[in-house]
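Let the sequences and hints guide you as you build the complete structure.
Chains as they are written, first to last, in numbering that gives the first Met the number 0: chain A, 0 to 114; chain B, 0 to 541; chain C, 0 to 215.
Derived by calculation from the structure, the hints in this document are not laboratory data.
All C-beta atoms, glycine included, are put in the ideal place defined by N, C-alpha and C.
The reader is advised that the hints may include incorrect statements.
So these bits of chain A aren't anywhere near chain B, every CB distance computed over 12 Å [what the hints assert, rightly or not]:
1) Thr10
2) Phe22
3) Gly23
4) Met24
5) Leu36
One-sided and incomplete, this derived list gives chain C residues near chain B with beta-carbon spacing under 7 Å [claimed, not checked]:
6) Phe9
7) Gln10
8) Ser23
9) Leu34
10) Phe35
11) Ser42
12) Ile44
13) Trp49
14) Asn50
15) Gly140
16) Gly141
17) Leu144
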Amino acid sequence: MTARLRELSLTLLLLFVLLAIEFGMAFLPLARSLRPLILIPAALMVCVVGSVFMEARQGPVIVRLFIVAGLLWLAILLGLGSLDPLTRRDYYLDWTMIPGPAKPSATPPVPAEVR
Amino acid sequence: MSAMAVDTPQERPSYLADGVTLRSWLLTTDHKRIALLYLGSVTIFFFVGGAAAALIRYNLIVPEGMIASADTYNRLFTMHGIVMVWFFLVPVVPVTLGNFVIPLMIGARDLAFPKLNLLSWYLFVAAGVVLIYALFAGGLDTGWTFYTPLSSNFSRGHLVAAVAAVFISGFSSIATGLNFMVTIHRLRAPGMTWYRMPVFLWSLYATSVLYVLATPVLAMTLLLLGFERIFRLGVFDPTLGGDPLLFQHLFWFYSHPAVYIMILPGLGVISEIVPTFSSKRIFGYKFVVWSSIAIAVISFLVWGHHMFVAGTSLYSALVFSILSYMVAVPSAIKVFNWIGTMHKGYIRFDAPMLYALGFIGLFTIGGLTGLFVAALAADVHLAQTYFVVAHFHYVMVGGMVSAFFAGIHYWWPKITGRMYPEMWGRAGALIIFIGFNLTFFPQFILGYLGMPRRYHSYPPEFQVFNVLSSAGATILAVGYLLPLAYLTWSLFYGKRAPDNPWGATGLEWKTSSPPITENFITTPEVTEPPYNYPQPDAARSG
Amino acid sequence: MSDTTIKYEFQYSSAEHQADTAISGMWLFLATEVLFFGALFLSWIYSRHWNQAGFDAGAQQTWLAIGTINTVILLTSSFVYSVGLAFIRAGDSRRLMQCCVLAWLLGAAFLILKFGVEWPDDIEKGLLPGPGFSIEGPLRGGAQLFFVFYFFGTALHGLHMLGGLGVVGWIIRRTRRGDFSPDYHTPVTVVGLYWSFVDIVWIVLYPLIYLIGRGP
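Written out as structure tokens, the structure reads:
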């Protein structure tokens, strides 16, 4: 009983430490595209809560199967789903090649950050 | 024969007789009664969707469209899609046949969470009520796919109501899938290892994985769409910085697995029927069961093939195209295994087997034409044409609906305790097969020739094939109404069914037809592999 | 373990069988929630990808202090509930009750801070997406999308918290009735799983909202 209480208290402390690290990382001069690395301490916090508070490692085997499935499918959704925006290219037309009324410029304008 | 103790003394009432009040039906937690409640509901929806289909085919008899308004036509195909997808195909086999048969097949007394099961039916009915409201209020013109920005910014239909209906039905699906998965993991009878389970259970397990993991994404998608529509949030609106393709990615992340939700249970039903009516063990059991799992997993990796011409990156399209070819392999494995099962078997052509044979042919055509459209270059021409329409109707209607009918006829004696009239059953199967091919084969040709889908009118040179298709639809309608008639007839006048009319293996055939409420008097114990038919060449009694 | 006095449903073979099944069922439900929120995270990825400057500009308008305090509150609440579960395993029903009440109060504090203090402040600053949105100029689109994600995400999380308060309250009621013992406390475990999960969702939302866009 006291062993469990000690385990839980140390875990809470660990969570606060990770939170502090995460908080600190937010103020580092990271490039915009690298800022999602701040999620790493968050991911560790999730693992800690899951394994200690939720006792994911004890219990029936299928619990671990369900956890793996949920996380794997999340990875598929986010990973394969991001593949499209990360690899999209603009293919510019040469408007002068298209018959019709005169166009304002040779290529269509690149949209600025949207209003 | 195996050592099982499952006697059902005559004094115990069947589940049908166990309580005759309306309350005992509407508040039941008995999986068998819930299956019947669902059967009634999905049948109603099938005919609602079918009525919409009839009007669609009626409209397409003449090039200018028999129904004057294109907007009405749009609302018809939208309603047809929404009803048939979410209120018929997605639930049908799991909630009717699955609910009924799973505990019997695994030797359990009920599902893991019987009250959750009843809740899932009420959620389904609630969703249906909202949908009927949306229908009578005028419907929706976006197609069942709700693409933005038409649906979020411009449509004048009842988007929020329709989307709310689908959202609620999603919770019903998740509840059912969760219940099935936990049941199959935890409530198997002693001795029933995973490899002693009939294939139908593996298929339903795979389907449940899809229910559970894909449907929540649809829930979020519809929530975002609804709020986008009401509050013009901008998540899908390019003028506000959003991405309309995000909607399509999120939508198809669910909807592609959804089509496998629709077909996997059918594949499982066929895997039960073919061994029974060939009196032979299924060929390559492990390949068949693992192919269901493979289909479930790979189905999550291919959704982008619905978006090849939508503006996604070419590289992502390439990845999705390759993955789509991979998903066809496990389905093909199943087809070969069914053929292998029939080879040297003693084949009987009862109605379930006729439906199953029809399924094998039609599903193969549907599946192969899927590969046509999965090829990037071909899809540039075939996307959004009738070729795609024909492809998915071959798998969904020629395949899945036939499988459902096969299963209903197969388990009808178990569910109702009555035999249906066999000759009418066979006639129905034949009429459906002929009507179906006449309806949908011309559509492959129309698509190849370039007729776009979802168009209320068309160029006159396409009329011949459209008329053929509509004629076929009339025959198909007769084929679908026939079972409604003779199955209902059999409830009152059909011959009483024995416990095992087909001579099949499986625990569900070891209990009475119809079963008692608790399914089994004593917990069965399983000591033998599934489909334990005698070898075809051995001369010995069963 | 003697379970002859513990009732279990007829489709199960023992009380332990039922307990393990209930826990498995809850974990599976949580897997569905992962995919539910996952779809929202994909929309975060898309919105930020196409509007990086504006999105981050919006993030800088969030109230970091209150968000961080709320994170500490939720972590503590999850801790307290787990302590309560440890107590009932050792047979102390009274301590379970106290822990559940404390966990409930911390959860309520979270909701009050978020919806009673932070949201009104955000709305007053004109951060609610719509015609009155206060960030103008080329960054408007991205900033507005950030706040769409912010209000949507925190609302959905808040709804789940509300549900959590409901079920923790149910546990409190049942504890007071004396329903739980070292041999039977499955509902406590199952509700604890849900409560910790809602905490996990916040652990992910917190950096997505308050930290990633906030650079020097």
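Hints and how they fare:
For Thr10 of chain A, the condition that its CB be more than 12 Å from all CB atoms of chain B holds, with the nearest at approximately 28 Å. The beta carbon of Phe22 of chain A is kept farther than 12 Å from every beta carbon of chain B, the shortest such distance being approximately 28 Å. The claim that Gly23 of chain A is not at the interface with chain B holds, since no C-beta of that chain comes within 12 Å of its own (minimum 31 Å). With a least CB separation of 27 Å from chain B, Met24 of chain A remains clear of the 12 Å interface cut-off, as annotated.
With a cut of 12 Å on Cβ distances, Leu36 of chain A stays outside the contact zone with chain B, its closest approach being about 23 Å. The interface hint given for Phe9 of chain C is met, as the beta carbon of that residue sits about 6 Å from the closest beta carbon of chain B, less than 7 Å. Annotation: Gln10 of chain C was flagged as interfacial toward chain B, and the flag holds, the nearest CB pair being 4 Å apart, inside 7 Å. With its C-beta approaching chain B no nearer than about 6 Å, Ser23 of chain C sits inside the 7 Å limit, and its interface hint holds.
With its C-beta approaching chain B no nearer than about 4 Å, Leu34 of chain C sits inside the 7 Å limit, and its interface hint holds. Taken as an interface hint, Phe35 of chain C checks out: its beta carbon lies about 4 Å from the nearest beta carbon of chain B, inside 7 Å. Given hint, Ser42 of chain C at the interface with chain B, holds; its Cβ is 6 Å from that chain's nearest Cβ, closer than 7 Å. A least Cβ separation of about 9 Å between Ile44 of chain C and chain B goes past the 7 Å threshold, and the interface hint is therefore violated.
Below 7 Å, beta-carbon pairs count as interface contacts, and Trp49 of chain C has one with chain B at about 6 Å; its hint therefore holds. At its closest, the beta carbon of Asn50 of chain C sits 5 Å from a beta carbon of chain B; the interface hint therefore holds under the 7 Å criterion. For Gly140 of chain C, the suggested interface contact is upheld, since its CB lies about 3 Å from the closest CB of chain B, less than 7 Å. Here the hint on Gly141 of chain C is kept, as its CB sits about 6 Å from the closest CB of chain B, short of 7 Å.
The interface hint given for Leu144 of chain C is met, as the beta carbon of that residue sits about 5 Å from the closest beta carbon of chain B, less than 7 Å.
Checked against the numbered hints listed earlier, the structure breaks hint 12 alone; every other hint is satisfied.
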